[in-house]
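The lines below spell out each chain.
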Amino acid sequence: MGERGETSSMGGGSDGAMDSFTSAKKISKRPKYSRFTQQELPACKPILTPGWVITTFILVGVVFIPIGLASLFASQRVVEIVDRYDEDCIPSRFKDKVLGYIQDEKTNKTCMRSLIVPKLMKSPIYVYYQLSNFYQNHRRYVKSRSDKQLRSNESMWKTTNCEPEALGEDGKPIVPCGLIAWSLFNDTYKFSVNNNPLDVNKRNIAWDSDREHKFGSDVYPRNFQSGGLIGGAKLNSSIPLNEQEDLIVWMRTAALPTFRKLYGRIEVDLEANKKITVTIKNNYNTYDFGGEKHLVLSTASWIGGKNDFLGVAYLAVGGICLFLAIAFILVYVLKPRPLGDPNYLSWNRNQAGRWN
Amino acid sequence: MTRGLRRMLHLSKLYSFSCFHQHGEDKHAQIGRRGYTRIVYCNDPDNPEAVQLKYKGNYVSTTKYTAANFVPKSLFEQFRRIANIYFLVVACVSFSPLAPFTALSVVGPLVLVIGGTMAKEALEDCRRRQQDVEANNRKVEVYSRTGTFHETQWKNLRVGNVVKVYRDEYFPADLLLLSSSYDDEDGICYVDTKNLDGETNLKLKQSLDVTSSFRDETCLREFTAKIRCEDPNDKLSSFVGNLHYNGKDYPLSPQQILLRDSKLKHTDYIYGVVIFTGHETKVMQNATHPRSKRSKVEKRMDKIIYILFSALILISFVGSFVFGIETRRDLVDKKNRRWYLRPDDTTVFYDPTRASLSAFFHFLTGLMLYGYLIPISLYVSIEIVKVLQTVFINRDLRMYYEATDEPAQARTSNLNEELGQVHTIFSDKTGTLTCNSMDFVRCSIAGIAYGRGETEVERALVARRDRPSEAHEISNEVIDGHGNAVHSGKPIGHSVVKGFNFRDERIMNGRWVEEPHPDLIQKFFQVLAICHTVIPDVDRETGDIYYEAESQDEAAFVIAARKVGLEFFERKPTSISLHELDYERDKNIVVRKYELLHVLEFSSSRKRMSVIVKSEGDLLLLCKGADSVMFDRLSKDGRLFEDETRDHIDKYSQVGLRVMVIAYRELGQEEYEKWEEEFLKARVSFSADRDALLDAAADKIERELILLGATAVEDKLQEGVPQCLEKLAQAQIRVWMLTGDKLETAVNIGYACRLLRQGMKEIVITLDSPDIKQLEKQGDEEALAKACLESISKQIREGKSQLTSAEEGAMECGLIIDGKSLNFALNKHLEDKLLDLAINCASVICCRSSPKQKALVTRLVKQKLGKTTLSVGDGANDVSMLQEADIGVGISGVEGMQAVMASDFAIPQFRFLERLLLVHGHWCYRRIAMMICYFFYKNIAFGFTLFWFEAYASFSGQPAYNDWDMSFYNVFFTSLPVIALGVFDQDVSACFCLEYPLLYQEGAQNKLFSWCRILGWMANGVGSSIIIFFCTTNVMVEQAFRRDGRVADFEVLGVTMYTCVVWAVNCQMAISINYFTWIQHFFIWSSVAFWYIFMLIYGYISPTISTTAYMVFLEAATPSLLYWLSTLLVVVSTLLPYFSYRAFQTWLQPMPHDRIQSIQQECSEIETSKDKPKRPKEHTKHCES
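These protein sequence lines map, in sequence, to chains E and G. The opening position of the first sequence corresponds to residue 0 in numbering that gives the first Met the number 0, with each subsequent residue numbered one higher. The opening position of the second sequence corresponds to residue 0 in numbering that gives the first Met the number 0, with each subsequent residue numbered one higher.
One or more hints might be untrue.
What the hints assert, rightly or not - Listed next, the in silico DSS-like pairs over lysine-lysine satisfying Cα-Cα at most 25 Å (straight line):
#, chain 1, residue 1, chain 2, residue 2
1, E, K280, E, K94
2, E, K142, G, K334
3, G, K785, G, K799
4, G, K334, E, K94
5, G, K334, E, K96
6, G, K163, G, K53
7, E, K94, G, K333
8, G, K225, G, K163
9, E, K105, G, K333
10, G, K741, G, K772
11, E, K105, G, K334
12, E, K108, G, K334
Derived by calculation from the structure, the hints in this document are not laboratory data.
Looking at chain E on its own, in the form it has when it is part of the complex (with noise of 0.2 Å):
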């Protein structure tokens, strides 16, 4: 980079004297010709015509509207039952002092919830918590584990990024260490129909790879929750990590302060306008931070979970194709335009003196 130096204005001296050094082989300096060194090879050189331009536009409406229309209609088909119940499980004489309430492990957390199926909801209906206001991906809290304690068992001393969790009171790590496990999520749900309890399946509604790959079969909790400061769920010592699904859906950390998990899946098909009775075990404190919990049931169709926006964008996207299609029809009715006039372009000898 730097300059690019000619060496020295002398350097053609010892050129010169090359030359005549060399003269016996007389290389022609004549340059080879090739199509790629004379840029001249064969190419495209699309411009935007007319009628190329009206028909990208109207392809991509054509194209755009179906797709808009199939997603709408799929997000449509999904039922959803969404039930934000974080106020409404504080008892009205804890209103003044949620704090206390939720911080406070004699109070009962225990609140009764009852949904009604708006329409059939056929099995698989997933079952999410969903908060809000709750920074997962905050630096600090997304660095804030090690990725080999939870691995394998050697590991166990590897708690570097995982401050202020990561040694317990004994001085021996935390395992699961850091902020993201300490964490956990720990509302619990119960659900059941005219008094029968619907089973919630939470098997396998974590990735394959996190299983197999990323938390250890050998790896269990230990010195975990154990200190002054009790952070979320307690786990089961007896049990590995990678079986510990309900942990390994938390610890992938969510994208955006709104975020939902998976809690697990109910495996029966649901009635319309049955009656769900829910008892929520409503532990986990998001009223310091200010955040929202909702309780989610949904059905998926093949573009997942109720979505309208997809479908929506992609009918507007395909609407404004087709509106500029129309649009530039009528700039080229009204404003006709041989686009090569030659006319323009040819030089007038008496223009050329001017400044423009």
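Starting from the known structure of chain E, arrange chain G on it as the hints suggest.
Positioned in the frame of chain E, the structure of chain G alone reads:
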């Protein structure tokens, strides 16, 4: 006498004796003092005293680095660039916990970039080293104590060695000439100094008398001497020293010094003593690093970098500000807000109690995180692109000149795009517009004009008068398949004999004897054959005679004389011999010898040259000179044909020919002897006014001349010059001709090369008026200067009003100004007015201008207008102009290397300038401009997604993507298509560039790199980032993103966003380029493909390495339809704004290239549908094969 004469002949021309004597004496007194301390022990380098002096050997190294200092020095060079320092700081900080990503992912690319550039430097240096090695290992014969010469390598030479250099060999070091094998024992030799000063004429060197007898090896055995001389310096034409030999001191002058890199000519061998070696030689001392020029685009790019730096600081500040507030709120009254972050027990980086400090540290993190706004790879990519562009320039067959075997040569890659922005061209005349080869075309002898055939100028004159019909015919010269101009009519520049383009059957083939005055005709050509300083060079094998002439017109004269039967074939110090046609007797060829008595040589003040010869008892003075001095010197009887001759001379100079008046006189023996005595007295005098005395003496004999006639020599235009200039004018590039010629010649050449055109109004500014002349004679300098100034400012005012009236009448103006006026016009008060006038004229001609004035004019336009200037020239006198201008273009091949060495681009022919500017310049400008815009676009689009993500991560500094994905963004996923854009993109093909020169204005007016456009692209980048971020987050996040109910987490969102970015920027590239070869396709689509492949591979390797990217793509993203659909949605919506803008803009407000593209499209359609005759397109003549 013999030797004296010969020396006179050349030497006084090379080194003014008077000058030498005046200053040389003082300097010789200084020997031994400071600056003059060098001592050389001749032929005795092993002398203990010599060894003690420790002069360096003859080893030469021109490399920038050595093995030892390469690393530190090149690193230092690298980090002189502000952006690199920024990256270095980032890399250092990345090892601290501040870093948002792993250190390796920051350091890796930096090392790659720096390492790459260093490798390039190393490679270039290696090449230089090879040249050095080659030079150092050349062989030379050196004398050894054993009494014989043996061969050794250049690098082994030491100060004091005696060397033997053969004919046509280069001198290995600066030598003192001891003796030479040339002719007699006078120790002279000829030297070719083309490599040093660019002058093509041979120089004569002469040894001291005391040493000139060392003709063989035995003589050298006893030779030892001591030279005391000046220290190494860079003055090529001076040398001070003396030779202490046999107890006596002999002064040395440059006359005895043979410089390294010059070449021995016409002499079988010489002996010399090495005085300066290696880097101490004058040529190496002269080696300078040329000032590095930077293009306007690059300067503007720096500004953009500053803008981006500010943007970077601004968003980092915003980020850290919000972060600080959020962090402070985390712990209020010992109560944790976001308890999951443990604000009560944290490090300084997140400490709520020291929130401002945390915010400051976070600011540093932000600088790193948003560092993508300042692309690390931009400089490297531009560097690569520019080097490849120069390859295209160097390899362009249409800028290769067969005759001299010279291709165009980009000597620097810094200025490629500047070629596309040229506003004004300053052109030298001689050697640049004209060939600097003189053709003898006309003569007037005894009042009769001879010579037919049209000169280029005449053709142009005809065209001027009879426009447009005939002019059209001339301009019909078409460009053939290889872009060479083919002239209609008689091919110019292909006359059978070089320097001779004379057609007249009355004179040729010996027919002149039948003309009315054969005796005068014979005299006339005798003058031409004898009165000159040409040296004949007889080819020993074929017997052909070549002439070695200092000025081209003398060669033309000698050739002309030969053509009519007076062949000059031998020059001896005392005589000149001709083969002459004896017309009076039997018309046989006889050898006639003319005894050369004196040469009264040419000087710019004398403007004439004479020789005094003796032939068959007659004493003759033969004289040729400029018409302005010659007519005053004619005798009464000698004016017989004066009127006719004057008439002819007028005609000749009107058509741009150089005129010389030829005269002679017969001398009486007595008169001559009297004069010679006086002359010799003047010559031996060593007083300061020796030159004046000599001139006065010469003046006395050059009188009472008898007029013979006049010659007219054509200064030939180079091939294709008028066509090229016309094209440049069409491209609205202003061309100024700066020449040392006189006004009339300059104007004529101006018309010939169509700088001035029919119907143009000439505005002439000159001091050639009677009043001024009157004042000059009075000699009152103050009054003169005042009068001149007034006159000039009045003329400029008048010119301005002429201009306005011409503009009303839709006429163009041409400004002609002479050097003397320029001196006054270039002062502070007038230069603005002059410039104002000049820039409104279509062409400007400055005649009689000195090299310095050329540079001043260039600087004036460059600085006052702030537009790009280009200077083109071929000789040493153009060097200052070439260096002053934004771009210096040297014409290579003819006049030595000086101009080429000082230039940025070298082309073998002026006409290639057209292609260099209109095609390469336009393309390079367009490519670099687009490339930079796009580069910023893609980095802003990427960098801002990070920022939006931050906004949703409470500005904690967490990057949205995996570390390595981010580091590879600029290296693998987006860099190759940009490079392809920078190297290959063409808006329209070369022939359409030439067909529609107006296209060039896009560059000259900087339309493609205007702030509007740059900011537009940046806004597009921000827009794309918004679309990418908000579409992907809204589509993916929160609800399940696949059928199995799983939700997208941080990693999946990152991958999706990244995929969208890669697609969007690459597709944006695809819709903004105009030229798709397979290379573009390959680079663009393989970049996208590579992202997927990378994700597959990177995601597949162990999670220890891939961390957050492990299996994300394969397991999570691929099976999700939403992932693919969001890619499609995002890509189309990011492209939509630009695409619709372009669609409407090309239709409603097309730029020139849009229009030309559609013409090109139409043409190719017509061609493919084969109905050409249906639509004959006049405007595509360049492009029809």
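These are the hints, each one checked on the structure:
Between K280(E) and K94(E) the alpha-carbon distance is near 17 Å, which keeps this suggested pair within the 25 Å criterion. At roughly 23 Å between alpha-carbon atoms, K142(E) and K334(G) fall within 25 Å of each other, so this suggested pair holds. Straight-line distance between C-alpha atoms of K785(G) and K799(G) comes to about 21 Å, which keeps the hinted pair within the 25 Å bound. For the hint pairing K334(G) with K94(E), the CA-to-CA distance comes to about 18 Å; that is within 25 Å, so the pair holds.
At roughly 14 Å between alpha-carbon atoms, K334(G) and K96(E) fall within 25 Å of each other, so this suggested pair holds. Between K163(G) and K53(G), the direct Cα distance comes to roughly 24 Å. Compliance with the 25 Å bound is thereby established for this hinted pair. With a C-alpha separation of about 22 Å, the suggested pairing of K94(E) with K333(G) holds against the 25 Å cut-off. With a C-alpha separation of about 19 Å, the suggested pair K225(G) and K163(G) falls inside the 25 Å cut-off, and the hint holds.
As the CA atoms of K105(E) and K333(G) are separated by approximately 23 Å, the hinted pair is consistent with the 25 Å bound. Taking the CA atoms of K741(G) and K772(G), the gap is near 17 Å; set against the 25 Å cutoff, the hint holds. With a CA separation close to 21 Å, the supplied pair K105(E) and K334(G) stays within the 25 Å bound. A distance of roughly 22 Å separates the Cα atoms of K108(E) and K334(G); the hinted pair therefore holds under the 25 Å criterion.
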